[in-house]
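Novice: Below, each chain spelled out in residue letters.
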Amino acid sequence: MPMVNIAGKDYEVDEEGYLIDLSQWNEDIAKYMAVEEKVELTEGHWEVVNFLREYYAEYQIAPAVRVLTKAIGKKLGPDKGNNKYLYELFPYGPAKQACKIAGLPKPTGCI
Amino acid sequence: MSTVTIIYAGLFYIATLLLVAGLAYKIFDYSRTPAPLKIPTTPAPTTQTGVVYRMAKEVVLFESLFKSNKWIWVFGWLFHFGLLLVLLRHLRYFTEPVWFWVNIVQPFGKYASIMMVVGLIGLLARRFLVDRVRYISTPSDYLMLVLIIVIGASGMLMTFVAHTDIVALKTFFMGLMYFDVQPVPQDPILLVHLALVALLMLIFPISKLLHAPGVFFSPTRNQADNPRENRHVAAWAARLDQKN
Amino acid sequence: MAAAEFDIPEIKDYIEVPKLREGVMAHAKTFLAPKPVQDFMGYPHELADNWKESALEKMGDLLGKYRSLKVFLDACVHCGACTDKCHYYLGTSDPKNMPVARQDLMRQVYRRYFTTAGKLFPKLVGAKDLTKEVLDDWYNYYHQCSECRRCSVFCPYGIDTAEITMAGREILNHVGMGQKYSNEILGKVQKIGNNLGLPGPALLDTLEGLEEDIEADTGVAVKLPIDVKGAEVLLVTPSADFFSEPHVESLIGYAKVFHAAGISWTLSTHASEAGNFGLFNGNYETMRKVAMRIRDAALELGVKRIVVGECGHAWRVAYSFWNTLTGIGYGADDPFSIELQKQLDPNYPQPQHICELTNDLIQSGRIKVDPSLNDDLIVTYHDSCNVARASRMGTEPGGQFTIPRELIKSVVNNFHNMADDTIYESTFCCGGGGGLLTDDLMEVRVKGALPRVTALNNVVKEHKVNFMATICAICKAQFTKVLPKYGFDMSMVGGVHQLVSKAIKLD
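Chains as they are written, first to last, in this note's numbering: chain A, 1 to 111; chain B, 1 to 244; chain C, 1 to 507.
Fair warning: there could be bad hints in the mix.
[Unchecked claim] Computed, partial: chain C to chain A, Cβ under 7 Å:
1. L196
2. P199
3. P238
4. S239
5. A240
6. F243
What the hints contain is simulated information worked out from the structure, not anything from laboratory work. Heads up, the beta-carbon is just placed ideally off N, CA and C, and yes, glycines get one too.
I would like the entire structure built from these sequences, with the hints used as guidance.
Specialist: If you want it as structure tokens, here you go:
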């Protein structure tokens with residue numbers, strides 16, 4: 001497995017750069033992953049990332065897209081509780097890109 | 001008895017034996033190999049009668065090939081149907097008295113040889129001209145076509161140009177059939193024709209000519225589409241059920 | 001993403017057969033499955049010294065177990081009928097993506113080691129030794145086949161490349177070259193119950209959220225019940241229906257149909273997945289193990305009917321194989337199957353497709369719909385490969401084409417088919433089927449979608465089509481990702497029950 005060096009520490013990631021050990025996650029890693037993904041982290045991005053981590057801690061999986069949009073809508077206002085807003089934040093897809101930045105494993109299946 | 005006769009008699013006995021034994025083994029092998037899952041290409045007939053009808057359309061009309069590519073279909077069908085008529089016509093060398101319907105087919109079979117060779121030349125031309133077909137062709141693909149073209153051409157030469165002694169030829173083959181070997185007519189064109197036919201018989205069971213029996217065993221074509229109504233289980237797979 | 005850059009093919013007016021360009025897709029190699037994934041599946045994760053013997057032994061084993069493999073490897077005459085039929089060839093122009101050439105990767109080895117001609121005259125008949133290069137070709141090109149069976153329609157002997165691909169993947173797994181995407185999913189479905197790895201509590205939470213959404217949207221308390229013993233219907237649907245857009249919209253559609261018809265139904269946490277990637281891997285026992293979850297859930301919950309949601313390959317496995325693998329169906333005389341079959345209601349086909357169920361309800365007037373609610377849409381229908389060429393709906397051959405269309409036409413007013421040679425049995429795969437729906441194969445997926453996108457583009461231009469309905473989770477995920485690359489909006493693809501959901505009357 002490949003390793004990446006972030007702020008002087010080595011972390012194991014998979015072929016696509018997803019963090020292997022989710023407990024190692026910290027904000028430096030998030031910032032590093034965001035640069036890799038060409039995403040500039042704003043307040044909005046952090047809201048999503050933090051929600052993903054909370055949800056994962058409870059359910060051991062990333063939330064469904066709908067669950068995520070609803071939660072973001074509740075936090076940031078109904079105009080932001082939609083797919084379009086999430087895709088503006090994470091153009092490659094909230095499920096995959098946001099998970100990477102949040103240190104979650106990539107959800108796979110017929111999605 | 002001349003050496004040539006002994007060679008040709010031996011050749012045809014061996015070729016016939018290997019053809020029959022080889023094909024019988026292959027057919028036995030196909031039929032003993034299970035088809036554990038229902039995999040007809042759908043839409044497929046839901047009954048056995050329907051399957052017979054589908055298979056008949058496949059074998060007689062080359063239905064799937066017709067859907068696929070009209071050039072291959074035209075050449076392929078000309079060749080195969082021509083070959084069928086030619087083969088039926090050849091029955092007159094193996095039957096005494098000649099069956100009445102062979103006599104009816106006989107004049108058609110004469111000209112069917114032209115269909116057959118035209119079809120074969122078309123198929124050969126595609127191997128050279130179409131880049132995709134050229135890519136997949138192996139030396140044996142070309143040689144097989146050349147072999148059958150030469151068999152056809154030598155036969156046509158004897159039919160239309162330089163007639164051979166067909167009475168003596170019939171005596172030779174009837175003799176082979178009754179294990180009373182008679183001299184083979186020593187016409188060079190005929191000897192080439194016969195040698196190549198024997199070669200074709202020899203390679204039939206170990207070559208792609210196995211498509212002939214193979215099509216009947218093709219699960220995508222010979223299975224009925226009724227998996228919800230009938231439970232279909234192969235013996236090796238049924239053993240898994242016992243563990244539950 | 002560090003994914004390699006590649007050119008998006010240009011959409012032409014019609015589907016062009018390209019001149020071949022050798023080796024242009026040789027670099028496309030999907031990620032290998034790592035040790036933990038292979039361990040769980042019982043496969044090695046790297047080549048052993050004796051990999052060649054092991055591969056040939058496995059090949060011999062499969063040749064003895066599958067008539068399809070044996071006949072298909074013998075029967076091909078290299079006529080070329082299939083050479084322009086595969087969407088991956090049409091999209092990439094790599095000759096090894098022509099069905100016959102893909103088969104020949106295995107046929108050359110078969111001839112070398114299992115036939116007289118190939119043992120005696122290998123060069124003459126195109127027989128080849130099994131080398132590491134050949135094995136690598138297997139890995140790369142058996143993962144550029146979506147097992148869609150389009151070639152089998154056009155082959156004069158019915159040779160189905162999918163059967164060869166499955167055998168190829170099975171042998172590759174056996175020697176330690178498994179595909180990460182498929183094998184990881186096969187692990188999750190067996191450990192957690194679905195391909196996504198959605199644990200029970202997360203599933204419950206998601207379903208509750210959906211119930212709230214439906215009620216907020218319609219004012220009607222439509223339920224999404226789970227693990228309800230004694231329900232009439234067990235609905236088995238792809239887990240993407242719980243998770244992704246637009247898949248969720250169809251799940252809501254099924255729930256509304258059951259509600260409107262007053263049919264008691266349930267999902268199952270144990271069998272919260274219709275998909276069965278065991279099909280893609282070509283391993284009978286894996287496919288059987290994954291399918292057994294449905295049988296177990298049906299027995300456990302005591303349901304009378306088993307209905308399958310919108311998932312293409314799942315419907316193939318359900319319709320064609322469930323009876324064989326698990327006894328879900330009719331006509332058995334063995335105790336294993338009878339145990340389940342005596343529980344099922346003989347008035348319905350088992351299993352039944354959700355489109356069969358909904359269409360019957362609409363045609364018989366048991367549920368009411370208003371197609372004008374979909375008047376903003378001009379709809380076309382993409383026949384999913386596994387449904388089209390490996391299954392049926394209804395009682396007549398071809399029901400898999402007519403029933404979904406009849407259903408769509410009863411809930412929308414504007415419908416147009418795509419070109420004849422791209423639908424029904426000639427349908428083109430979405431490009432993401434058969435275990436290829438993974439980011440590491442994005443180039444293969446995008447290029448493989450070209451024929452379908454070309455046909456779609458033509459109805460968009462001609463009839464202003466703005467919605468392509470389909471009944472497969474893979475198709476939906478693939479198109480939402482790939483259509484934007486060709487300049488289409490991702491929201492123009494969705495499920496048939498997404499249309500039902502909008503048109504159904506709920507009181």
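Novice: May I ask which of the numbered hints given earlier this structure violates, with the numbers listed in increasing order?
Specialist: Per hint list: zero violations.
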